[in-house]
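K.L.:
Numbering (the numbering used here), first residue to last: 282 to 557.
A few of these clues could be false.
[To be verified] Heads up, simulated DSS-like pairs for lysine-lysine below, C-alpha to C-alpha not over 25 Å straight-line:
{"no.": "1", "residue 1": "Lys-344", "residue 2": "Lys-327"}
{"no.": "2", "residue 1": "Lys-434", "residue 2": "Lys-421"}
{"no.": "3", "residue 1": "Lys-432", "residue 2": "Lys-473"}
{"no.": "4", "residue 1": "Lys-434", "residue 2": "Lys-512"}
{"no.": "5", "residue 1": "Lys-305", "residue 2": "Lys-533"}
{"no.": "6", "residue 1": "Lys-445", "residue 2": "Lys-409"}
{"no.": "7", "residue 1": "Lys-446", "residue 2": "Lys-432"}
{"no.": "8", "residue 1": "Lys-512", "residue 2": "Lys-540"}
{"no.": "9", "residue 1": "Lys-305", "residue 2": "Lys-434"}
{"no.": "10", "residue 1": "Lys-409", "residue 2": "Lys-421"}
{"no.": "11", "residue 1": "Lys-421", "residue 2": "Lys-533"}
{"no.": "12", "residue 1": "Lys-409", "residue 2": "Lys-446"}
{"no.": "13", "residue 1": "Lys-473", "residue 2": "Lys-497"}
{"no.": "14", "residue 1": "Lys-344", "residue 2": "Lys-333"}
{"no.": "15", "residue 1": "Lys-445", "residue 2": "Lys-533"}
{"no.": "16", "residue 1": "Lys-533", "residue 2": "Lys-473"}
{"no.": "17", "residue 1": "Lys-311", "residue 2": "Lys-344"}
{"no.": "18", "residue 1": "Lys-497", "residue 2": "Lys-434"}
{"no.": "19", "residue 1": "Lys-542", "residue 2": "Lys-512"}
The hints are simulated quantities; they were obtained by calculation from the structure and are not laboratory data.
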Amino acid sequence: MRIIDLSVTIRHEDAKELERVRIKYINHRKGANLLGLASCFLPDEKFTRKLKNSFLYIFGLRKITYRDFPDTLGLAWERLSISTHCGTHLDAPYHYGPYCASSLALRIDNIPLDYCFSDGVLLDFRHKNESGLITAGDIKNELQRIGYRIKPKDIVLIMTGTDKKSNEGDYPFNYPSLDRQSIEWLVAAGVKIIGTDTWGMDRPVHLMARDFFRTKNKDTLWPIHCLGREKEYFQIEKLANLDQINRPFGFKIACFPIKIKDASAGWVRVVAIFAD
């Protein structure tokens with residue numbers, strides 16, 4: 282079995298994210314002190330006992346520090362302040378709106394898990410320029426070129442090569458995008474999850490804003506996301522390494538999201554699996 286990682290790394294202060302990521306790293310020595318502090322104050326103790334222990338702790342008579350741990354090392358961990366839409370993530374229909382058609386939109390914690398492990402299909406659009414639009418006709422032509430017919434629950438991956446620029450400042454603003462009709466066509470064919478290696482599935486924000494201010498047409502704003510209010514589908518944004526997949530089909534994709542209660546999205550470690 283061969284496995285390819287298709288996910289980006291979440292980093293502290295990542296400038297390409299809409300909301301900056303904050304990661305506080307607790308090292309082994311500080312972790313030891315914090316664990317020692319927690320162990321000195323048991324939650325079921327009475328108030329008077331806690332008060333006594335507080336004084337004992339302050340004066341060092343009841344205190345555990347890193348010096349008391351084996352090798353003077355405790356346990357390390359991290360604290361994160363992060364949006365569910367940072368890094369490689371899976372958008373749930375609730376992200377698009379509270380309803381999908383006439384039903385409540387699914388949230389990330391109730392996605393059917395069989396959607397998240399299925400046959401993968403890789404469509405290559407690296408020839409599209411940075412502001413290009415991938416249409417339903419482009420999708421059909423690419424499927425014809427690779428000799429594949431979409432079937433229900435295929436996980437479709439859109440490769441543009443934009444992930445190679447993910448550390449550059451203009452990564453969120455220059456990438457090929459899909460149009461509404463291309464997503465409609467895939468969803469009508471039974472596809473539940475569509476992924477892209479770009480910053481977003483819709484056009485770059487500044488291009489949508491430019492068209493809206495010029496025309497005042499509401500349909501210019503996030504049309505692909507808004508489609509999810511009518512037709513149920515999930516989308517993966519910020520994929521990476523799609524060029525390491527050496528065939529357009531004949532592999533599996535696993536993309537199980539983190540289970541966050543009632544969330545609109547979840548971080549996901551997407552992998553391609555080959556039974557070579």
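K.L.:
What hint numbers does the structure not satisfy?
P.N.:
Hints 5, 7, 9, 13, 18 not satisfied by this model.
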